[in-house]
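A.B. asks: Sequence:
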Amino acid sequence: MQFSIHYPPFAKKTLIALTNNERARLLVAEDRNVEEIEVIESPETETSGRTRGADANIDQDYDAMKEHRLSHLYGSLSERMRYLLDHEGYASAVICVPEANKNTFASAMHPDILKRIEDVVPKNLCSMDINNVVRILIDG
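Numbering-wise, the numbering used here comes out as the position in the sequence shown, counting from 1, plus 25.
In short, the hints are calculated from the structure, not lab data. Where a beta carbon is used, it is the ideal one built from N, C-alpha and C, also for glycine. Possibly wrong hints are sitting among the right ones.
[Claimed, not checked] Result set (DSS-like, lysine-lysine): computed pairs, CA atoms no more than 25 Å apart in a straight line:
| # | residue 1 | residue 2 |
| --- | --- | --- |
| 1 | K140 | K37 |
| 2 | K127 | K148 |
| 3 | K91 | K148 |
| 4 | K148 | K37 |
[Said to hold, decoys possible] Cβ-Cβ distance ranges computed for the label pairs, FRET-style:
| # | residue 1 | residue 2 | range |
| --- | --- | --- | --- |
| 5 | E104 | E61 | 30 to 40 Å |
| 6 | E55 | R107 | 13 to 23 Å |
| 7 | D111 | H31 | 17 to 27 Å |
| 8 | H31 | H93 | 36 to 46 Å |
| 9 | D86 | H31 | 18 to 28 Å |
| 10 | R160 | K38 | 15 to 25 Å |
| 11 | E113 | D88 | 34 to 44 Å |
| 12 | L139 | I30 | 29 to 39 Å |
| 13 | R107 | K148 | 15 to 25 Å |
| 14 | R48 | E143 | 33 to 43 Å |
| 15 | D86 | I161 | 29 to 39 Å |
| 16 | D111 | K148 | 24 to 34 Å |
| 17 | D86 | R57 | 41 to 51 Å |
With the sequences and hints as input, model every part of the structure.
C.D. replies: Pasting the structure below:
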């Protein structure tokens, strides 16, 4: 998809990752073209058989499962980004991570990938269409 000429083009082939609590969308941006290339889904959290009651451990267990699920998502994203950056000719990377997930993201990503990420945008843009994502990334 080509975006508006009102915005500057991407000067180099850029890998863009958009994340939320459940998935990561990978986009490739080059010149005025931006295309979605892949979606990484997090594994489902098993909650069947759980009931909400006086036992606070249930909530703690659920929070721990959500944290584990998020770590798994970012770990899978890290592996995929490493492959793409090493073998597919990407010159830079940008990632959008919800503010609440920044610590989990930083601990789950491979250090080499963290060094290669040009910008971490503390926003959840995963559900937005590509035109709006480009506008937000360029406008700041």
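A.B. asks: Each hint should be assessed against the structure and marked as holding or not.
C.D. replies: Structure-based check of all given hints:
no., hint, result
1, K140 to K37, "17 Å, holds"
2, K127 to K148, "10 Å, holds"
3, K91 to K148, "19 Å, holds"
4, K148 to K37, "23 Å, holds"
5, E104 to E61: 30 to 40 Å, "19 Å, violated"
6, E55 to R107: 13 to 23 Å, "20 Å, holds"
7, D111 to H31: 17 to 27 Å, "34 Å, violated"
8, H31 to H93: 36 to 46 Å, "43 Å, holds"
9, D86 to H31: 18 to 28 Å, "49 Å, violated"
10, R160 to K38: 15 to 25 Å, "20 Å, holds"
11, E113 to D88: 34 to 44 Å, "36 Å, holds"
12, L139 to I30: 29 to 39 Å, "33 Å, holds"
13, R107 to K148: 15 to 25 Å, "23 Å, holds"
14, R48 to E143: 33 to 43 Å, "22 Å, violated"
15, D86 to I161: 29 to 39 Å, "36 Å, holds"
16, D111 to K148: 24 to 34 Å, "27 Å, holds"
17, D86 to R57: 41 to 51 Å, "48 Å, holds"
In summary, the numbered hints that this structure violates are 5, 7, 9 and 14.
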